[in-house]
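Novice: Residues per chain are reported as follows:
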Amino acid sequence: MSATHADPRPHPESVTGFVADTITFSNVDGPGNRFVVFLQGCNFDCVACHNPQTIPLAQGDHFRTSVAEILERIRPAEPFLGGITVSGGEATLQLDFVEALFTAVKADPQLSRLTCFVDSNGSLDDAGWQRLRPVMDGAMIDLKCFDDEIHRSMTGQSNADVLHSIEMLAGWGVLDEVRLLILHGVNDSASLLRRTGEWLASVDPAMRVKVIGFRAHGARPHQPPLVEPTVGELTTAAANLQVAALNLCIV
Amino acid sequence: MHELQERARTLVQDPALSYDQKLRRLAALATEALPYPELSPACQEALEKRVICDMYEGHAPFTARYILPDYEKAIRRGLTYLEMPAPTNLDDALAFLLVMYANVPSVTTYPVYLGDLDKVLEPFVTDEITDDDLDTRLRRFWISIDRMFPDAFVHLDLGPHDSRITRSVFRVERSLRQSVPNITLKVDPVVTPDDLVEDGVRTVFETGKPHFVNHPMMVGDHGEHYAAVSCYNSLKIGGGAHTLVRLNLKEAALRHDGTADEFLTSTLPRFVELTAELAEARVRSLVEGQHFYDTHWLAQEGLIDIHRFSAMFGIFGLAECVNLLMQHDGHDGRYGHDDITNAFAVRLVEHVADLVSVRPLPYCDGGGGFAYLHSQSGIDLDHDVTAGTRIPVGDEPDLLAHLTTCAPHHQLFASGVSDIFHVDETAVRNPQAMVDIIRGAFRQGMRDFTFNLDSNEFVRITGYLVRKSDLASIAATGSARHSSDHLAAGAEHNFHLTQRAVKRIGCHERDPR
Ligand code: SF4
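Sequence order for the protein chains is A and B.
Heads up, the first sequence is in numbering that gives the first Met the number 0, so the first residue is 0 and it goes up one at a time.
Heads up, the second sequence is in numbering that gives the first Met the number 0, so the first residue is 0 and it goes up one at a time.
Worth flagging that the hints you see were computed from the coordinates, not collected in a lab.
All figures in this text were calculated on a predicted structure; none of them were measured in a lab.
Careful: at least some of the hints might be erroneous.
Said to hold, decoys possible - Residues on chain B that point at chain A, a partial pick, calculated with CB under 8 Å:
no., residue
1, P40
2, A426
3, A440
Note that beta-carbon positions come from the ideal geometry of N, C-alpha and C, so glycine has one too.
Next up, chain B with everything else stripped away, as it sits in the complex (with noise of 0.2 Å):
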């Protein structure tokens, strides 16, 4: 108890942080001074050596971590809850989704899915609406969506058609350049044109967005109505993740004596265990303890279903686990840099979704009744271990070797990956080439990534993005407006990314402390 009175005492009078967060913490912290979630003594002791991780979402979950609500059937219907009929125009549609963003729970507060806009708006875009309108009313809504909505795993979808509102968010993000909204677009190598592929690659220039994903891939996983949301986890509308819960693979091969084929016999399955157990407890918490399901308006105006929920399983520190186990086993490659350890980096992953995928969890209809597998990127308190299944910061191979280490792992992670490749600023005047990589990198089975140009103005860091002058201002005044830049903050101070030779994948996560 005493430790939670300094804590929060630290918190409200931290200088450095807004009133808003500020509240969010607090509420996080408040429900530490009830009982965790039950589990077993293994699964306690491995969470608490963080071999195992919890996101530190607190101790009784009362919100789904990712919500995806079903905006089109909402702009279809009106809200009853929120007393918002169906809009008839589009000033009015803009309108609505604000007032509905403003209502979707997370844990960070801030929705992570604004919806897959321009099929959400498209039927608001009469031909009597210039594109010069467009332009207005979509940079009007940005900066509305940036400044009431400041985190940067606040997310939205576009394509795989090309449309005038896609055309338009391109348009007006090189113009606003600003870190809010994140940006997807999906991809499918038939019905995506070149040219819209390619302005997107222009607007990555300038803003370091959209993400990229496989679309074809995305739907063979999910379904049709699936949006790559927050950092780039990739989930069903109208659903989403209950919690997502990732296992530390260096901590798991630094608890490990024998050989690396041992280890996928033996400690990996143990860990994997621990790890279901606490996905398990926690949606259990959420959905038996707090009825989210069962109370909130979203479910009850059919916007989300809990049959379109499931868990995320989260893996990361790949890189360190197999370049351990190589080394025990007295081979010295490095992961990235060495085919046999590439290979056993495969093995071990496809071993991790073989185990995931038969080990029932509740309530996680979404994924057949098991977790989602996440390549997880990293949070700002990760010291020496390599977010996801990367490799590290600075030991990055050239692009191809890159990408041909990465790629099999893909078709693993159902609910995301996004590798971050980094490309110089020649790139620039030739976006085509951007594109050519883009549509190998489908054809090879990769699930979705982004670029990051040198020189850009904007930096990922874990994988979410943040203005390099937010992070200096940060560093000068110890003060930001976005919340995630925090986060940035940390991460950049523990891995130096800024100064990484390639670039890193997505993730989100509230800072704990």
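One chain only, chain A, in its complex shape (with noise of 0.2 Å):
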């Protein structure tokens, strides 16, 4: 696949992004055995964020990885991987680049065979979903909360892209999960998650919905003190949240 005159795109391999990280296995990031690539800057700003040093865009050549790059490091540990998952910060806004590393491993023969998601805070447009979806086989949204009063204090932005996103990614069929952090006494009330269960089920009856209690370790000091929930409200919280056939999980 060389780049012709007519197409002016450069080739895929070519093409840099930011890469704060990456890690070769991991088994949280998606289905089966994971190369994770941890993509550098977000928009968002949330609270609770566990990772808040990749939330500054990068500038200059500091984080600067080329797909070319990328692709010798998942070389090694392709034979033990199911796929590849890019996460952040914010993997979506170096759209370019995991559109190119998307391209690059699908048409490359040893990686063909592994498949790419990407792990997003749900904050990308229609056509950035768009230009994604034929190099995409799924997607894990967080849905910080349903409620955009509170999801705009938890993460400074509205949640109307979030709800968009999984409402279309889960009718594309890509949608693998989406992800509930829950932060004890702001985004666990009973009558919210009942509400967001119903929602989550009219979109998909029988999706898989990760409940996620709010850990201290790595995020920011906070004023009040964000408290991690005890196992006994996370149950509560996923009781309330329990719709119809929705596949809970809670972490």
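Quick one: dock chain against chain with the hints and give me the complex.
Specialist: So, in structure tokens, the structure goes:
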């Protein structure tokens, strides 16, 4: 696949992005054993973010990594992998890079077997998802809160795009799971969770939803301090969320 | 003689040993009153210094070490010696097997192989038998096995095809969570479905079993009729291993002065030959002295055949050996962490394999006239030496580096390697991740391995499983129901195995003391 004059886009392997880190084996970033690329920079500013160092957008050449370099890191691990996942930060802010990486993986004789997943905060617009659609096998979307007001207070942004992304990806059959981070006393009231569950079930009655308890480790200090939910509180949250056949899993 | 008396007295008076355990140890001790099979002075010295090791099987072996009776044949034909007609239904078949197990000899006195249970029982699982019926019966059978043969080296095999029996075994395993029997799942990339491997993985999360073997690779070495037994020794069904001798590569390296390359051409061949000499002496003693195969009913009824046996040639302490030799050469890389050291380790093992493959041994038709090479996982007396070809406890690199360090060795060990890899609790929510790793490991030419989960109630010691609660109770009371628990308590003490970062391989072995 060499670039022709008719195609002004650069060769996918030469595209570069700001890569904060990679891990060779992960069993918590999508189905099976996955290679994960953490991209630097996020458009949200979540109070509960446990990777706040990945929020600032990268500048200059720090973090700059080419798709070709990432492919070389994946190669030795390939036999043991089910796929790769791009995460962050917010991976979709570097859409060119993600698209190029997935395209390159799918064009590579050794790597084409691997599935390509995106782990996202869901803020990407339709046009962006449309660009990824041909090369993306699945997406995991974080839903910080179903209530827009609370969502804004938690992330600094509206959740309208997030809800839209969830609906659209589910419609395409590529929504692997929705993750719901539980911040006790902030986004876990019974009525809110019930509404959330009903909405998720209306999108996909059997949707897989991961209920994740906030963990202070890595998160920035906050006033008043954010508390980790107890197992009991998480179980209650899951019970309030449970609607129809929603496939809930507590982490 | 006086020493023998002292040892016998200590044994019979040991409050921590059960009646059966005393009986077995006394029998082994008694053979030590006999002269050792004749060895050259060099061989004798290497044995005394424990550079080479006979697994403390006594001076006059009177049973083969690993016996794999052909249970499929037995159940089809019935048993003359035991007056058991061929069973015609599942209940009779299960009773038949328990009777047969109780009559299969081994150095531990407990059978090390219980059959490829899915194939053995397949004819009896008719459509009228529901899954619940099957679970109830297998559950009862499982409890009987654990209570009658309380030894973690008791082992059975399943797969590579999916079957109702295999599924039921996994359900029963998860509900009973016993350490006995140990289990191997044969995996064929083509015929074994992902969801069966995943069912196996879910069972690993509960009980530390099954062990996974690369079926096509095993078939390539042993033919269709093979099984993994005891602590992951892969051998021929209807055959087995007369004996297991092993070479301590660390001790060999300590006796070498010169370069690493010279080790391969001088010291190593010398010790390989002494190990083979020891094997030959013990095989002859068993076959020509004690006439095991002429006299045992399993041989007389055609359920084992001496032509399907060989000897096992084990090596261990590879890590210390190559680290020492590299140091001599002025290179300070560590096995598992350094490409040059890892590459030398592969060369060394290839060299052992070459030497073993041209050293003929009598009565070893099972291996084409040669011993089977085995990465031997250690016994509870081993101090400061790492089992088999493994990376030392606590020094294991990340899982990918661990897999790629170990993988090149696997094809060389026809009778098993069984590395043990440790996984953390997050894997429980994503069993498919383990399936990916298993499939990848086989794709990379690995032969067999086990996973252990960090938080598991079960812990693998040198390879066999014990329950943490049983270990704690030995520490508290000094006594154990499972004979292998004693080995575990010793190994645990010597290695701090329960604290390691990544898990280990399998083994058997009677505590010689
Ligand atoms: S969206 Fe994710 S990476 Fe971005 S700030 Fe929120 S938690 Fe952190």
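Novice: Now look at each hint and say whether the structure bears it out.
Specialist: Structure-based check of all given hints:
1. P40: violated (49 Å)
2. A426: This interface hint holds because 5 Å falls under the 8 Å limit.
3. A440: The hint holds - A440/B has a Cβ within 8 Å of chain A, the shortest such distance being about 7 Å.
In this structure, only the earlier hint numbered 1 is contradicted, and the remaining ones agree with it.
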